[in-house]
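Student: Below, each chain spelled out in residue letters.
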Amino acid sequence: MTNAPAAHSRDRTLRIVLPIVVLALGLSLWALVVWIGNIPPYVLPSPELILQTLVSDWGLLFQSLLVTLATTVEGFLLAAVGGVGLAVLFNQSRLVEYSLYPYAVILQVTPIVAIAPLLLIYLPQPLAVLACAWIVAFFPVLANTTLGLHSVDRNLADLFALYGATRGQILWNLKLPAALPYILGGLRIAGGLSLIGAVVAEIAAGSAGAGSGLAYRIAESGYRLNIPRMFAALLLLSVAGIVIFYLLSAINYLALRRWHESALDQER
Amino acid sequence: MTMNKTIGTHSGSPLIALRGVGKTFASGTVALKGFNFDVRAGEFVSLLGPSGCGKSTALRIIAGLSEPSEGTVEWTSSRAPVNDESRIGFVFQEPTLMPWTSVFNNVLLPLKLKGIPIEKARARVVAALDRVGLKEFGRSYPRELSGGMRMRVSIARALVTEPTLLLMDEPFAALDEITRFKLNNDLLQVWQALSTTVVFVTHSVFESVYLSSRIMVMAARPGRVFTELKIDAPYPRDQDFRTSAEYAAFCRRTSEALAQAMAAQDTAAGGAA
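Chains as they are written, first to last, in this note's numbering: chain Z, 1 to 268; chain A, 1 to 273.
If you're looking for bench data, these hints aren't it; they were derived computationally from the structure. What you were told as hints is all true, and nothing was included just to trick you.
Just the calculated beta-carbon pair ranges, DEER-fashion:
| no. | chain 1 | residue 1 | chain 2 | residue 2 | range |
| --- | --- | --- | --- | --- | --- |
| 1 | A | Ala-174 | Z | Tyr-253 | 26 to 34 Å |
| 2 | A | Ala-174 | Z | Ala-263 | 20 to 28 Å |
| 3 | A | Thr-24 | Z | Pro-102 | 30 to 38 Å |
| 4 | Z | Leu-25 | A | Ala-174 | 50 to 58 Å |
So the derived list for chain A, only partly shown, Cβ under 7 Å to chain Z, looks like this:
| no. | residue |
| --- | --- |
| 5 | Leu-65 |
| 6 | Phe-90 |
| 7 | Phe-92 |
| 8 | Thr-96 |
| 9 | Pro-99 |
| 10 | Trp-100 |
| 11 | Pro-110 |
| 12 | Leu-113 |
| 13 | Tyr-141 |
| 14 | Arg-143 |
Beta carbons: idealized from backbone N, C-alpha and C, even for Gly.
Required output: the full structure, derived from the provided sequences and hints.
Tutor: Rendered as structure tokens:
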């Protein structure tokens, strides 16, 4: 009872400050190790040098970042549309579900690293990269949406039946809204996976040449022993992943904040 | 004092008749057997019984949500066209609201599903919310309301189609006593104002006596009507009735009937074992 708001705000401050302190300590330790050990940059560059490289190579790296992000976003959107669409189709027709679901699972359990080289043989390179991003991202959307469409409150379903609702009305007014939290959860996973799919495909395509995404830059810099640039590109990839995650979390929060447990304030 | 005068104007003429209705679930459980039940227009009738006596099943069969395994369900009143979905309103044990949308949209749902345009529906939704005292809460979300208020929304939704028959499945069982008493009074008021017919499922003797003009006491294994009681105290009923000797006497009689019903089912179960 003593000062609940103050305790709450202190907790929030800690949640922001502590990770920053850990980051600062880690970077200092890293810089110290490089300095004391006199480690050459082609073995382990200092954080400072990585930052310098990021600035000096910004034009090249930013261009590559845009390429990777474009693939990621396209793969994500296709996964969202395909995953939700297929789940709705499965929900409406048992026959379609029985016919196709096992193949969706096969596509999911086969490691994408193993599929990528094959796709690169049959598809033009940008399309193959996009296909990889889509394959890894679409399954969580499909699985979550399927779960959501099946999680309708039974009494609400009875109520719709009582008022003679059509299949379309049930889907649009009951099943899809009930599935929304699940769909958004699936999309949050799909965003990260889409980036991973794009990166895996770019790495696989690396030797094939035409690629210019961030992952391709990492592979290329590796061959040239340009380790600082490898780290800089990796840093950009991480930042991209974090931004995607928080963007989708924000959408999730905005869509659910008025009604779903997951998005409500914890305080009572 | 004239008895039953204030019970709906059509009281007495049959509205729906269940004859020899039985329900056996796929698991083999016999929920209902030889269930005979007439609902008369304008009455407030309760199905009272222990859990497992098939009272909820009977309600679902009347609503058409469940098919009887045997027997017939017949709408006998010409006032209730068979294909008109507006003839039935259903209130579940839980408020059963759509959490993702506003109170207004929840009450609008039955009209929306029937394809009534929003301009025409708006006034009816507002009137239904007004009737349960929630006119100001149309924009709220179900989560933002108390349990009692959510149940009011659920009742408003059932009333918005102006149903001939209102079916209620232990609607107040999860509420605290103060809220339940208040909702009992409000429900009686709404019932009288709309001169609708109510079938009310409950396991509370006190609630059934307070509300009903007639009580069907049910027994379990298999679910059936054990006996029927008339509560011929006049309406409107209020706090005075709740504390009257007359009410206490009705409650005693009903409790005794319920005790006999349970004794009968225990004997039957013992005999079967």
